[in-house]
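J.: The lines below spell out each chain.
Protein chains: 2
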Amino acid sequence: METLTVALGDRSYPIHVGQGLIERAELLVLRQPKAAIVSNVTVAPLYLQRLADPLRRAGVEVVEMVLPDGERFKDWQTLNSIFDGLLEQRCERSTTLIALGGGVVGDITGFAAACFQRGIPFIQVPTTLLAQVDSSVGGKTAINHPLGKNMIGAFHQPQLVLTDTDTLNTLPDRELRAGLAEVIKYGLIRDLPFLEWLETNLESLLSREPATLAEAICRSCRNKAEVVVADEREAGERALLNLGHTFGHAIETGVGYGEWLHGEAIAVGSMMAAELSLLMGWIDRHDLLRVERLFQRAGLPVRGPALNVERYLELMQHDKKVLDGKLRLVLLQKLGQAVLSDAAPPAEIIQAIGARSAHA
Amino acid sequence: METLTVALGDRSYPIHVGQGLIERAELLVLRQPKAAIVSNVTVAPLYLQRLADPLRRAGVEVVEMVLPDGERFKDWQTLNSIFDGLLEQRCERSTTLIALGGGVVGDITGFAAACFQRGIPFIQVPTTLLAQVDSSVGGKTAINHPLGKNMIGAFHQPQLVLTDTDTLNTLPDRELRAGLAEVIKYGLIRDLPFLEWLETNLESLLSREPATLAEAICRSCRNKAEVVVADEREAGERALLNLGHTFGHAIETGVGYGEWLHGEAIAVGSMMAAELSLLMGWIDRHDLLRVERLFQRAGLPVRGPALNVERYLELMQHDKKVLDGKLRLVLLQKLGQAVLSDAAPPAEIIQAIGARSAHA
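Top line first, the protein sequences correspond to chains Y and B. Sequence positions in the first sequence follow the numbering used here and run 418 to 777. Sequence positions in the second sequence follow the numbering used here and run 418 to 777.
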């Protein structure tokens, strides 16, 4: 087991990464001997009892809640079903909420923990690669709004992130690949050596070699933790973690939540950002093709759905980084170094989208 | 104009109290020249343009949102209508949300500000006595859940509280009296000289003498600010501000949100707490009657609705102060000194409720 720390003063917390951790109840420090585990219909049959049973044997009262599976359920109605369950089961301000699942479960459960009785403790037990390398770390929680992804949410740090790499054994290939999009992101925005490592080790990751996966997770989490510690509430640097997200969220919202996996949309969004960076003269065509090649090797799309450009621009205007009506995009100054910029002319944004859309 | 400060480090903010402040746009410091004012159908016709016009003349883009009036609309549906409006009007992370109205408008708008894009700035412009002396200060925001009042919410401090005492001129008598319940509360829990001052000046308050009202507001806010600074997130002392609230919330939830005004329920709840404090041997009958007399002179109820005791106990179990299944109640050690206690035996809690219920 490897342990990293997200150093946020009195809100600091550990990330444990290793095999078989889900059954190690002693790693979960609870404020009172009561916990509510939130999972979904896909993950619960595989892992809920493996997490809950050792806790019960340790004397913890465990409440279980199982949500429907999918991004389109990351909405108020599902959130409210968590609140109903918490109140019906007499959960209190000291009860710990445990998110067991991927990014959707983590985001919605974290937001429930942020709001229930104005904030209760919570723990992330991520079971997808995407959640393990990105969404479970850093305290961003949210639900979607029909007009924009992750529009309603809170910053609410977990007490602990428990990453059991064994859970990746049951992850569908498509989801593993989607998770790799966020892994590659760290290389692109701030860690060129990691990008090179990924180019070397991609096949080993795709074949789920445990040590390689663990290293990719730890290196990703270390990058994420460094950024979060420097800028917890996204006043600056943290926005760089959103490479491809302004384009990607437009895809997710535009085609309907859940049609595209988040990581798939981020791969295309990152390609659009790379195209725009090329148009700005910051990276060259060789860099662009190198990025494209890596996404392609990971089995990720490098071209978006048939949304027209006006629809993209309309959806992108709801982005949280918009300031004074002006789009701010994460672009690549060079490979391994991202920058937040409002300098891209609209014509070039349109060109970049067009270059990476099905109906270009 | 008098200015108090809520000293919370980098989240410190001023409370301005005075006449005619609502039209003084220069007092509102905005992060970007865009603001969304949220009010309700009762307050908007009286004050919305008086607040918005000077802002517009100062070059601020002002979005207006008008909610239905009443506690029963402090729910998800109304909250979501605020999110819809903010997104449709292209409000951003730097847009300031301004709550113009009473406690319901302030609580729901504050919660919207806490959650929209994971948190945007907001300003309280309270127009009821209750909001001016209590709910606009301290950053507690919330909506109700069918199973419990203020169950879903956040701590999110305003940038500024702007209290225009002139707005009390249009406040219905019943609402003025309800606000006095929270004013009296400060005297009971921590400020005996203020309690004595209220006994002397109650008629002057009821006849809305401006200087007396302003003094009551400032003394209340000073008490509230001291407690909030000492314990922002209610780990201890702040719970004492909830004298009468565990009983009172049970009344509000039990009879249906909006039937009883919050202050009316708090008056009865405070009498129940006083009865229980008498049973505990902490105050004497003379103290109890003194408290009762003050609430009665303020035109407030001192006896609850016809809910049976079991229903009270069931509703009280959802209180946010419950710990390990045990009720914790704010009681009076003596007049002017409250204490949070789980020592009251169930039989005496039942007796105290019975002594102050319509069907005793």
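Certain hints may be false.
Because identical chains cannot be distinguished in the list, a pair is counted as satisfied if it fits within a single copy or across any two copies.
[Claimed, not checked] 20 Å max Cα-Cα, derived PhoX-like pairs, lysine-lysine:
(1) 451 - 751
(2) 451 - 738
(3) 451 - 743
Everything labelled a hint here was simulated from the structure, so no lab data went into it.
J.: Any of the earlier hints contradicted here, and which numbers?
T.: 1
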